Amino acid sequence: MKNLFSEGGRMTRRLTTCAIAALSITAATHGVAAQERDKVTVGYAISKSGPNAGGADMTVTPNYELWVKEVNAAGGLKMPDGSQLPIEVIAYDDRSSAEEVVRAVERLASQDKVDIILPPWGTGFNLAVAPLMAKFGYPHLAGAAVTDKASDFVKRWDTSFWFMGGSEDYVSAFTEILVAEREAGRINDKIAMISVADGFGIDLVKAARPSFEAAGFDVAYDKSFPPETSDFATILNEAGNAEADTFVAFTYPPHTFALTKQAKIASYSPPVFYLGVGAAFPVYPKIADGSVEGIMSLGGVDPNNELNNAYRAKHEELVGRGADYWGSVLIYASLQMLEQTIERVGLDKAEIAKELSSGTFSTVLGSETQLEDNQLRAINWVGQWQDGKFVAVSSEGSDGTIQVKLPKPDWE
Amino acid sequence: MLEHVVNGLVLGGTYALVAMGLTIQYGIARIMNLGFGDMIIAACFATYVLFTTFAINPLVALLILVPAGYVVSDLIYRILMKPLVARAPDEGALEVDSILVTFGLLFVIQGVLLALFGGGYASYSFLNTPVNVLGTVVAGNRLLALVLSLAIGGAMVVILFRTRWGMVLRAVALAPKSAPLFGIDTDRAARTAFAIGGAMAATGGVVLSMFQTFTATAGVVFTMKALIVVILGGKGSVPGAIVAGLLLGLVETFVAAYVDPGLTLAAVYAVFLVLLLVRPNGLFGKA
Chain A
1 MKNLFSEGGR MTRRLTTCAI AALSITAATH GVAAQERDKV TVGYAISKSG PNAGGADMTV
61 TPNYELWVKE VNAAGGLKMP DGSQLPIEVI AYDDRSSAEE VVRAVERLAS QDKVDIILPP
121 WGTGFNLAVA PLMAKFGYPH LAGAAVTDKA SDFVKRWDTS FWFMGGSEDY VSAFTEILVA
181 EREAGRINDK IAMISVADGF GIDLVKAARP SFEAAGFDVA YDKSFPPETS DFATILNEAG
241 NAEADTFVAF TYPPHTFALT KQAKIASYSP PVFYLGVGAA FPVYPKIADG SVEGIMSLGG
301 VDPNNELNNA YRAKHEELVG RGADYWGSVL IYASLQMLEQ TIERVGLDKA EIAKELSSGT
361 FSTVLGSETQ LEDNQLRAIN WVGQWQDGKF VAVSSEGSDG TIQVKLPKPD WE
Chain B
1 MLEHVVNGLV LGGTYALVAM GLTIQYGIAR IMNLGFGDMI IAACFATYVL FTTFAINPLV
61 ALLILVPAGY VVSDLIYRIL MKPLVARAPD EGALEVDSIL VTFGLLFVIQ GVLLALFGGG
121 YASYSFLNTP VNVLGTVVAG NRLLALVLSL AIGGAMVVIL FRTRWGMVLR AVALAPKSAP
181 LFGIDTDRAA RTAFAIGGAM AATGGVVLSM FQTFTATAGV VFTMKALIVV ILGGKGSVPG
241 AIVAGLLLGL VETFVAAYVD PGLTLAAVYA VFLVLLLVRP NGLFGKA
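Protein chains in written order, with UniProt numbering: chain A, 1 to 412; chain B, 1 to 287.
Isolated chain B, as found in the complex:
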């Protein structure tokens, strides 16, 4: 029993880590980034190249790629998203436009990765060391994903709810029309949120690449999983993403152990449906 809880939390940690960036981009910058999974894959490949070609430790790669993810996402926002935000008459229109643009972005990133790396499988071995957690042996790299997601999630919650800067971000998320009346630079806040999301995609990619086999076209799988977690947790809610991610991990593990491994996906979607019926705005979502 306890081993399934540990395994479930470790698996859920990965889901939470992947989903947090998307929820911030969606909740604060109001951009539904369909290219999110491909940004993760890009980070996976970057780590793979740094590790296999330049023998750079993926943990060190984290220090390079996370700022890089921030800068790239900042640029994407300035070049691609800014014109959309400027011309969108309301929030709904912005969501629609951002979906279309990031749908295109998905193919651009995928195409570049295909051209650079081909369609083959990429995988390497790092930190695949047994770690004993409460009597259950888990992989070090997967445990790292859980620890990182909890640490980043905790830090984000503190920043969002305990600092002035976080309050600015929340103000933009809650009332993007009124925020400028209080002297808030909404454009800058949204850009920052989008860039933070990008940095988190990079974090997810670096950690995922340590244990998951990836291909240039696998991004959409991550986008789908992250999307489920984001909607389940409530859009824009960091604690929601963590709770929903861990919940999905636990559901999958328990179903695999006690019911049938073939029903894990069905169980995930069943939980998804039931929760949406009971709480249409997600676990932590506001009506």
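Next up, chain A with everything else stripped away, as it sits in the complex:
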């Protein structure tokens, strides 16, 4: 039977090759047309199927679609000479396979010869395509990628740009809040921490352990679990036994949702309840059946930022559902920066990269968005659900953040 599986796999692969060949033929004609410059071709490979599809479909793809729709509705991308060119999109499904995403980007660069390549979803996938993007000279606006090594990467690939910060940034901002809470006597010095044994969970927990310990916290329960885990009754039970006032879970959406449901069942409601990816999704309150007040996670938005509110309304109107409260706005801001760069310098790839790293842009994040060392740093690191909104918080509440409200109230 095993042979059969691989035989089946081989057959699909053969079919895919045919499909790719067919696509390349059509793509080749696009390439010719592009040279007459009556449009700008934008290509991307994104996970439309497979385990990454859920994340990509929440944070990245809707923003690509929204941006293209908006630009084309306004007459197209503005060029330095004042003319406007419509965007034509070539999109591939990388089927959540790192091999496939590399192949697709190579195809976009060498066969489709697109003008701009937008990045895939996920830290691993962005790292996988980074060398290729650099080799072909495409500016790489890595959006949905959390990495502490961004400063090294911008040296290795000087046309790469990183928009989502690193694990240490998120963890240290959260630790600051915990320290302030402990000093105010609202929480004890024990932390129960769980993490998924996969990319995001591993990175975050690696940064969190030293950060919590340096701040004098005792990580009383520290376990990781396989990504396939769907039942958290036992894990939450054990975490509860640690008698920690702070519960931290670096998780992916399925775990985040399941943990929330199980915590409600078990009436487990520690003063600080911090979850991973998924808690900043607009559907989260519905999944948690309302009672999300006080739950913390990564990201958050400034509810008083009118630009951001307008973006969220537009996202809802054009995509048909709300944007998430963490990565979406960062991805969208990166596209706005790209759009303004093209208006200033045209489509020359090296010029685009130069302008991106040194220019000042007006984006949803603010009227003077700038990159520091090719990295976006104006990011909200910690968010909390307050009155039905996932807002950016800090212990004091300043710089577009709101004061954190702890302890978290009991489940409704």
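Since no wrong hints were added, every one of them can be taken at face value.
What follows is a set of in silico ranges between Cβ atoms, one per label pair, in the way DEER data are often shown:
1) B:V49 with A:P409: 24 to 34 Å
2) A:V89 with B:V49: 20 to 30 Å
3) A:G290 with B:N57: 12 to 22 Å
Away from chain A, derived, C-beta distances all over 10 Å, residues of chain B:
4) V60
5) A88
6) A151
7) A155
8) V157
9) T163
10) A171
11) P180
12) I184
13) D187
14) L273
15) V274
16) L275
FYI, nobody ran anything at the bench for these hints, they're computed from the structure.
Here the structure is a predicted model, which means the values were calculated and not measured.
From the three backbone atoms N, C-alpha and C, an ideal C-beta is built for every residue, glycine too.
Assemble chain B onto chain A, guided by the hints.
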């Protein structure tokens, strides 16, 4: 200790519920349905739409989707499987052919779901109410999965071993070549078994959707889990599927509680390997 037993049984109930349909399809109709998990996902999405768009209670959805699962699977058998059964020279060839066809079916169902719902996560909250079982608080929806799997499993055992109709099904499972000599319509029996399996996939999907987050492409995860339970329990054995499902639930829970949550999968595969070494045909399998 007792709380881990309760939690383990509740988790295992889900595994058993998912695996029973597959074991019936495989054991009686001799079709190794690789699209089984995607049928479960289809039922998950159907429940999701009925609940969120039409405000139909998932328990009522059960009454709609289980017969629908039966009818759809019956049709799939008539259209897709019947020609395979008719041309297969022996049982081995039928298994091979059915694997290839259902492998394709998997992508068809997945593609349709992707086109309809996109690749995003779907989840809703229903019956997420605490229920006290012997001092352990468990989720109502998960408990429902356990109760349903035991009830359906019990009913299937009674039907298979105490009724004439069940005897016909067992005869086809045991000796598909000789059964027609006794006037048994093997084609009809196999079709019925396949359709019952489909109805059980629908049951599993409706119940799972109440507590599990699902995506259009998550079907293969359920197929894999069900496959492990089916092979562990012995192919075609309903009691085997229940015992193996509950066993896996208990193993996962105890390992998570006393060893490390990171080793749950490793423990499951270790049990799987050891049992296959000792009993190559599974717990309840016949040599």
